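> Residues per chain, in single letters:
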Amino acid sequence: MHKKMAFSFPDEVLEHVFSFIQSDKDRNAVSMVCKSWYEIERWCRRKVFVGNCYAVSPRMVIRRFPEFRSIELKGKPHFADFNLVPDGWGGYVFPWIAEMAGAYPWLEEIRLKRMVVTDESLELIAKSFKNFKVLVLSSCEGFSTDGLAAIAASCKNLKELDLRDCEVDDLSAHWLSHFPETYTSLVSLNISCLGSDEASFSALERLVHRCTNLKTLRLNRAVPLDKIANILRHAPQLVEFGTGTYTADVRPDVYSDLAGVLSSCKELKSLSGFWDVIPDYLPAIYPVCSKLTSLNLSYATIQSPDLIKLVSHCPNLQRLLVLDYIEDSGLEVLASSCKDLQELRVFPSDPFGAEPNVSLTEQGLVAVSLGCPKLQSVLYFCRRMSNEALVTIARSRPNFTRFRLCIIEPKTADYLTLEPLDVGFGAIVQYCKDLRRLSLSGLLTDRVFEYIGTYAKKLEMLSVAFAGDSDLGLHHVLSGCESLRKLEIRDCPFGDKALLANAAKLETMRSLWMSSCAVSFAACKLLGQKMPRLNVEVIDERGPPDSRPENCPVDKLYIYRSIAGPRFDMPPFVWTMDEDSGLRLS
Amino acid sequence: MSKPIEHDYIGLSEQQLPSMEKSSDKKDGLHLKDTELRLGLPGSESPEREDHDQNVLSLKSFVSGAKRGFSDALDGGGNWVFSGGSGGGTEGLFSPRRGGKNNGGKDLSGSDSGSVLKDGAAQKPSVVQEKKPQVAATSSHGNGNIAPASKAQVVGWPPIRSFRKNTLAAHPPKNDDGDGNAEAKLGSGCLYVKVSMDGAPYLRKVDLKIYGSYKDLSSALEKMFSCFTIGQCGSHGVSSGDGLTESRLIDLLHGSEYVLTYEDKDGDWMLVGDVPWEMFTDWCKRLRIMKSTEAIGLAPRAMEKCKNRT
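First to last, the protein sequences are chains A and B. Position one of the first sequence corresponds to residue 1 (UniProt numbering), numbered consecutively onward. Position one of the second sequence corresponds to residue 1 (UniProt numbering), numbered consecutively onward.
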């Protein structure tokens, strides 16, 4: 009887129901209920997310989801952000664009992260997808302003062009004038990563003027302060705005112009940019501060008193990115003024200096944790930490979902007791039961991994550096963290044993990165042989791994599950271990 | 579920496993040579690791054991290795950790931190705090002209994106004392520039701050791009004038037909080697290894510019 009821719904009804299910996880679950749900779901999935572009081939995706409109792809491992992945490793988007160009003329949205995007790819996008609307390139590289010009010229329905943290070859600022005069659909433009060369201000101004739906505009450093007023005048409806360089000779007319135009932006909720800030111009933004929910001052090299003044004007702040110039004192003010704070990132102003240049310690983080009841995400660079502080933080803020602490000097012990910070991080994982992401630093033994394996049951991503004593540490994590999807490790004494003993675990994760550890080439070969659904990539710029003894540790190891088999676009310093011989050259 | 004794997790135990070695189906035995786990940067020496041999020995002996156990598990359908989810199955694999292991482990990882902290640093935590003044004395603090080679930088640490690093480096924190020079080096811990080579399929990036001289840079680039050298031309390329051969890094790539050039802040392409090293690192925006046939005429301008600047 129950079976009959389920099948009595026509497909259209089920499709309609499924249309309310947006998250990939839920969609994947739906597709596993039964064959007919699998079929219905795959025909109506509109957004596809591929967390690792090498886990599946474009053709497989297209075959399963014949009608998607939006795709999100991620390429290089996260440690590529810190130059640990040599250039040329891979992550090329072109094969995907090429396949989709043929299959999906109606593709609307492409979101890419850490991928290599060439001008050729951008030109192909511009040519192939007539209704293209959204291009978000996050931490991508390989393209120039020529490719952007192609997008601007051809994509008549483009709504969003977001280049966040990309490395763009700035050949000419005139790409902006490739947007035709008839083009008015822009809603979001983020060019903050573009170079510091002359920008085409008049083209920018005209673009902003005619795109009356523009909600997000993030400029690049080249746009001088005195030009901002002209630009903003045409866009009082902006919700998110990123300035260019925030410095100019102090002139009352420029100031009042700026202040006036900013105060007419009644919808402004998010501000960023602020390169080269001089404090004299800061008060110009005070009128909009009370509505601000997001403030990115991470390039603003201003000192604590000015930061404090600014922050105390922003009672509704939910997200703050700032340099450590804010100091403990500033964070204390933040804790008392911004009770809605959810996310805080504090970056180091002088990461390579031997001595601390500012008074920012663990106290700042403690203050914010105690004072901000909604705080759930933290990225904090500092130079000292104590177990006591971490325990206080953990106890007062059990709602952390992302906790990333970077103590700048590797293997720094608890400065009060000189002990490892195992207990402190142990408290974090014990009290913060919903912790999904954790980055460790400081002096840590295998014990911290025991805590993590025992308590961090919801942990999805773990970053480890210069920590642990032995394979036991790695074993604790791999055997205990049930929700682990991404694990990245560098400079830890983890070797073959834990890896081989937990080989099956690796198929339940998206990826594992290990560099400067102690995993031998022999173990890599074995893993590659025995686990056909894992791609085991050895990355070694010293030359072929079989030119050294088998028990020699490999330089870098990247293991990820894949149903696409080994890839063929590897550079000469990457080898995939597979079933035959264990060695494949590109 | 059997608990084979060769799976004693304590790899540092002295038990040799001769039977394992003989039956190992992997080539002709594993060698017990010094391993070369390089943690330093290209061109720098990695510190010797006395402890490593011992650990290599135990790793090797365990690896043999692990291999067999691994294949046993797979072939024999045993479950000990596939208990990723439940910790129970592998409990037998790992004996309780010995208390004394801590120091041993720290030494292992400690010696590679020699590339981060001063060489020969003791591994007691208390030393970490004291060490900083030592490093500061040799760092560029207050002395802008010394390249910070004495404080060896670890690649990718602290974990900050290049965009942020380069932004801070290019425009160092302002201060009121008016003397930009000494303070200018603060925060400029590294400077990544792109290196392209004519004919190579992709770019590389190098951090100019980690090299102390043209020679260092040239040998690093040579290593990096040696896989692209298509063929080596016997001739030394086209000479574009006497008295300038010294300034050309023709030695790059074994005197083949390539020369090293760079784009300076004005957007002009110059031959590398014409100006003092420190000046070069300030001016250089990107590097290009180009065919020497295309490099004609670059040199004279470099000398002129240099004169105009000083």
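To be clear, the hints were calculated from the coordinates, so they are not data collected in a lab. Any given hint might turn out to be false.
[Unchecked claim] Within a straight-line C-alpha distance of at most 30 Å, the following computed DSSO-like cross-link-like pairs (lysine-lysine) qualify:
no.: 1; chain 1: B; residue 1: K205; chain 2: B; residue 2: K223
no.: 2; chain 1: A; residue 1: K133; chain 2: A; residue 2: K35
no.: 3; chain 1: A; residue 1: K113; chain 2: B; residue 2: K285
no.: 4; chain 1: B; residue 1: K209; chain 2: A; residue 2: K227
no.: 5; chain 1: B; residue 1: K209; chain 2: A; residue 2: K113
no.: 6; chain 1: A; residue 1: K47; chain 2: A; residue 2: K159
no.: 7; chain 1: A; residue 1: K113; chain 2: B; residue 2: K205
no.: 8; chain 1: A; residue 1: K159; chain 2: A; residue 2: K25
no.: 9; chain 1: A; residue 1: K227; chain 2: B; residue 2: K205
no.: 10; chain 1: B; residue 1: K194; chain 2: A; residue 2: K113
Since this is a predicted model, take the numbers as computed values, not measurements.
> Each hint: holds or not?
Verification of the hints:
1. B:K205 / B:K223: With Cα atoms ~13 Å apart, K205 (chain B) and K223 (chain B) stay inside 30 Å; holds.
2. A:K133 / A:K35: Since the Cα atoms of K133 (chain A) and K35 (chain A) sit roughly 33 Å apart, the hinted pair is violated (cutoff 30 Å).
3. A:K113 / B:K285: With Cα atoms ~25 Å apart, K113 (chain A) and K285 (chain B) stay inside 30 Å; holds.
4. B:K209 / A:K227: Distance of about 35 Å is beyond 30 Å: violated.
5. B:K209 / A:K113: 28 Å, holds
6. A:K47 / A:K159: 17 Å, holds
7. A:K113 / B:K205: 19 Å, holds
8. A:K159 / A:K25: 27 Å, holds
9. A:K227 / B:K205: Roughly 34 Å separates the two Cα atoms, so the pair is violated.
10. B:K194 / A:K113: Holds - the C-alpha atoms of K113 (chain A) and K194 (chain B) are around 20 Å apart, at most 30 Å.
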